[in-house]
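Trainee: Sequence:
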Amino acid sequence: MIEFNFRLLSDVQQDNLFPLLETLYPAFTDWMSWFVTSEILGQCFADVRVFEILCSFKNLAAEKPRVYTEFIWARNYSSSRK
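Start counting the sequence shown at 0; every next residue gets the next number (numbering that gives the first Met the number 0).
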C-alpha cells in the first residue's frame with residue numbers, strides 16, 4: 000500500500016516513516032514484513048542513507064531478514080556501484 004502511494008505522503012510523513020522502518024525491521028518475525036520493508040526502503044527512499052541502512056541490516060544475526068536486504072541491495076545498488 001505504501002509503496003504505491005508513497006508520493007502522496009507529505010515530506011514530514013516520509014521523514015517520519017524512514018526511521019520507523021529502520022527501527023522496526025530487526026523486530027519483525029515474518030518474511031512478508033522484511034520483504035515489504037526492504038522494498039519500501041529500496042524503492043521509495045533509494046538514497047545514500049538507505050544504502051547504509053541496508054548494509055547494516057546485512058549484519059543482523061538472524062539469516063532470514065538478511066536475505067531480503069541483500070536482495071534489495073543487489074538489485075538497487077550493486078549495478079550503480081560497478
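If you are wondering where the hints come from, they were derived from the structure by calculation, not from laboratory data.
All residues carry an ideal CB built from backbone N, CA and C; glycine is no exception.
Any given hint might turn out to be false.
As the list claims (entries may be wrong) - Derived Cβ-Cβ restraints for the label pairs, each shown as a range:
#1 Thr28 to Ser55: 15 to 21 angstroms
#2 Lys57 to Arg6: 27 to 33 angstroms
#3 Asp10 to Leu59: 26 to 32 angstroms
Trainee: Now, for every hint given, state plainly whether the structure supports it.
Mentor: Taking the hints in turn, this is what the structure says about them:
1. Look at Thr28 against Ser55: about 19 angstroms separates their beta carbons, and that is inside 15 to 21 angstroms.
2. Distance hint check for Lys57 and Arg6: the Cβ-Cβ separation is about 28 angstroms, which falls inside the suggested range of 27 to 33 angstroms.
3. Distance hint for Asp10 and Leu59: a CB-CB separation of about 29 angstroms, consistent with the stated range 26 to 32 angstroms.
Checked against the numbered hints given earlier, this structure breaks none of them.
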